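Chain P is fixed; fit chain L with the ligands onto it per the hints.
Residue numbers (this note's numbering), protein chains in the order written: chain P, 1 to 363; chain L, 1 to 363.
Note that these hints are calculated values from the structure, not bench results.
Some hints could be false.
One copy or two, either will do: identical chains are not told apart, so a pair holds if it fits within one copy or between any two.
[What the hints assert, rightly or not] In silico lysine to aspartate or glutamate, DMTMM-like type, Cα no more than 25 Å apart, as pairs:
no.	residue 1	residue 2
1	LYS36	GLU312
2	LYS36	ASP347
3	LYS361	ASP287
4	LYS37	GLU10
5	LYS37	ASP347
6	LYS37	GLU238
7	LYS346	GLU30
8	LYS24	ASP170
Computed from a predicted structure; not experimentally measured.
Protein chains: 2
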Amino acid sequence: MGTLTVELGERSYPIYIGQGLLEKAGAYFEQRGLSKKSPHLIISDSNTAPLYLNKLTESLANAGYNTLTFVVEAGEKSKSLSVYEEVITAAIEGGLDRSSSITALGGGVVGDLAGFAAASYMRGIRFVQIPTTILAHDSSVGGKVGINHPLAKNMIGAFHQPELVLYDVDTLLTLPPREVSAGLAEMLKHGLIWDADFACWCQEHAQGLLALEPEALEYGLEKGCAVKAKVVSQDEKENGLRAILNLGHTIGHAIEAIAGYGTLLHGEAISIGMVGSAMLGVRLGADPSLVQETRAMLQSLRLPVVLPRELETDAIMSAMMHDKKFKEGSITFVVPLSIGQVEIRKDIPASLVREIVEQLKEV
Amino acid sequence: MGTLTVELGERSYPIYIGQGLLEKAGAYFEQRGLSKKSPHLIISDSNTAPLYLNKLTESLANAGYNTLTFVVEAGEKSKSLSVYEEVITAAIEGGLDRSSSITALGGGVVGDLAGFAAASYMRGIRFVQIPTTILAHDSSVGGKVGINHPLAKNMIGAFHQPELVLYDVDTLLTLPPREVSAGLAEMLKHGLIWDADFACWCQEHAQGLLALEPEALEYGLEKGCAVKAKVVSQDEKENGLRAILNLGHTIGHAIEAIAGYGTLLHGEAISIGMVGSAMLGVRLGADPSLVQETRAMLQSLRLPVVLPRELETDAIMSAMMHDKKFKEGSITFVVPLSIGQVEIRKDIPASLVREIVEQLKEV
Ligand SMILES: NC(=O)c1ccc[n+]([C@@H]2O[C@H](COP(=O)([O-])OP(=O)(O)OC[C@H]3O[C@@H](n4cnc5c(N)ncnc54)[C@H](O)[C@@H]3O)[C@@H](O)[C@H]2O)c1
Ligand SMILES: NC(=O)c1ccc[n+]([C@@H]2O[C@H](COP(=O)([O-])OP(=O)(O)OC[C@H]3O[C@@H](n4cnc5c(N)ncnc54)[C@H](O)[C@@H]3O)[C@@H](O)[C@H]2O)c1
Ligand SMILES: [Zn+2]
Ligand SMILES: [Zn+2]
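Isolated chain P (complex conformation):
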């Protein structure tokens, strides 16, 4: 089993990655000092709950914890204000107090939703992440939580670090193949922004990762989480460095919004976005091979690298303008210099981005 720590002073917390961790959740709750007098709320979704919720609540009950559960519909649509309100209602009706916690058992959707509920219920209570998707190795670490607004993704949120991240890789075995690939997009991203060797490793071990081989999975998730943890430790609230984690996301978020949340998976959208970033990198001086290399890595993980023609460039551009990365009139972009190395540029003209969006539609 691997253990990492996100170093954030008094808000530091451990990430455990391994097999059979769900059965030990009670012990981890105890270790983190969660109260046995107060009720704890577990949020899960309609796909994950039938598979893993009982295992979790049993482990907690055996350790003497009093839990309540709330299951939301699977999918990005649950990251809405109305589902958020339902979660808060469940928390109040369940009598959650300031010593209670909220746990996310699921992917990034449940993590972001439950995390924002924990951040804002009674002005903030404790939060536990139990990720069950590969993508959630990214979303469960770092404390960004939030929900969507009909006009733009992740517009409503907070920074709220979890107490604990419990990553049981056994849960990943039930993931649909498309979700596996989408999650691997964020894993590869951690290589592309920080560690060329790790990016190459992802490509070389693509078959093992896609087949969910435990060894490959544990190594890849640990490496991915480690990059994320290091970046977050240095810049918790995204005043600088942390923005590199947004590689592919400026275009990716816009694509996701225009396609309609849930049509393209988050990881698929940022896969296309990362190809766009590589194209931008080349326009700004990187070696022209960067685009082909990036494409090949993503394709080895069975990810899309071409923007569907039916998504209109105008709509994508206007969605980008609503994005948080649009600051004081110019678009902020994470631009790769080479595999494993990126820079943050705040001066990318919209006209250039538009050209890239068009180029992304070419097979």
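Quick look at chain L with the ligands alone, frame taken from chain P:
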């Protein structure tokens, strides 16, 4: 003009209290380094906006700021998730980015609502408080922001300190008399928990305060804010000391909820609550004169001291159980020992509280 500072390390901020400050808002924005490139959103309510919004936007425009305004209906009902959503929509449509700010021009309702919007929009942008009620000398200082859930008040929120509190006492002259008294309840509270002399001063200068004489007002607000600022500096997130600010609020919030938000003003409800706290203090050993003294002080400020009979004790008790001050099974209460001195008790049995609620109905 008085200036105070809330000492919170890098989150420290100034409070300016005086006449004619609204006209100088632009200069204060500049002093705090607010961006002139990004749009700034001002939230106000239907009573306050017609009186003061133009003055504020003119001052900001003259200083070169680009502002948008959003006016909500006056009253506690605007501290709801649906109005919050409207505010966020206005922020997105107005193109607010990470360098933008949200300003509250109004009383505690607008302050709490706008503050939670600022806390959660893009995971937190800057926030300016321009209080226009006496009560808001309390609510605008200390960073507690939030909205109500139909089941309980202030259930959804955050700690989000403002950049700046700009308290123009000229705006108070248009306050309806009931609001004046309600605001003075929180002013007196600051004496009752911390400073017996100040509590006596409030009683002695009740006429001047009720008549909104600028000199009395400025002194009282400065003293009140100073107590609040000192307590918050020592315990920003309410892990201990800060709870003393809740004197009268355990019962008060329950009364407010049961009467229906807005029927009894917040200050009126906590006035009755503070009488209840004094009764509890006496039951726990304080001098019996405490109840009469507290009542007299509140009555000098034209505040209610008797609980309306039609409010059912059962309903009040059950509302209290939903309150944030109910932690791990026992009710936390701020109990006065004498005027100017309180202690936090976590062991108050519900049965005793029930007796107090009954006693509060006796004239
Ligand atoms: N907070 C952050 O820092 C951050 C970072 C990246 C992404 N995100 C967010 O994460 C979300 C995407 O996360 P996601 O891809 O995990 O989505 P998700 O939570 O929707 O999970 C994907 C799908 O897999 C199902 N599922 C989850 N675990 C399963 C399992 N073990 N077996 C079978 N099915 C399972 C889910 O029900 C869902 O249908 C997006 O909303 C994105 O904005 C947040
Ligand atoms: N955040 C905190 O720490 C904190 C502390 C105490 C109270 N509160 C909250 O504050 C709220 C109560 O604040 P409030 O009493 O200021 O209520 P409010 O904002 O509703 O204002 C009271 C009334 O006065 C009107 N008004 C405001 N300024 C005026 C002016 N200058 N002239 C004429 N009319 C004016 C308003 O339109 C409203 O009708 C409650 O929601 C309470 O929960 C918060
Ligand atoms: Zn992502
Ligand atoms: Zn109050």
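Tested hints:
1. Taking the shortest Cα distances, LYS36 and GLU312 never come within 25 Å of each other, neither inside one copy (53 Å) nor across copies (33 Å).
2. For the homomeric pair LYS36 and ASP347, the shortest alpha-carbon distance between copies (18 Å) is at most 25 Å, but the shortest distance inside one copy (52 Å) is not.
3. Taking identical chains as interchangeable, the C-alpha atoms of LYS361 and ASP287 lie at most 25 Å apart only when both belong to the same chain, with a minimum of 21 Å there against 81 Å between chains.
4. When the C-alpha separation of LYS37 and GLU10 is checked against a cutoff of 25 Å, the pair qualifies only within one copy, where the shortest distance is 24 Å, while the shortest distance between copies is 36 Å.
5. In the homo-oligomer, the alpha carbons of LYS37 and ASP347 lie at most 25 Å apart only across protomers (15 Å), although the nearest pairing inside one protomer, at 53 Å, exceeds that limit.
6. For the homomeric pair LYS37 and GLU238, the shortest alpha-carbon distance between copies (20 Å) is at most 25 Å, but the shortest distance inside one copy (36 Å) is not.
7. In the homo-oligomer, the alpha carbons of LYS346 and GLU30 lie at most 25 Å apart only across protomers (24 Å), although the nearest pairing inside one protomer, at 45 Å, exceeds that limit.
8. In this homomeric assembly, LYS24 and ASP170 come within 25 Å of each other (Cα to Cα) only inside a single copy, at 13 Å, whereas the closest approach across copies is 62 Å.
Of the numbered hints stated above, the single one contradicted by the structure is hint 1.
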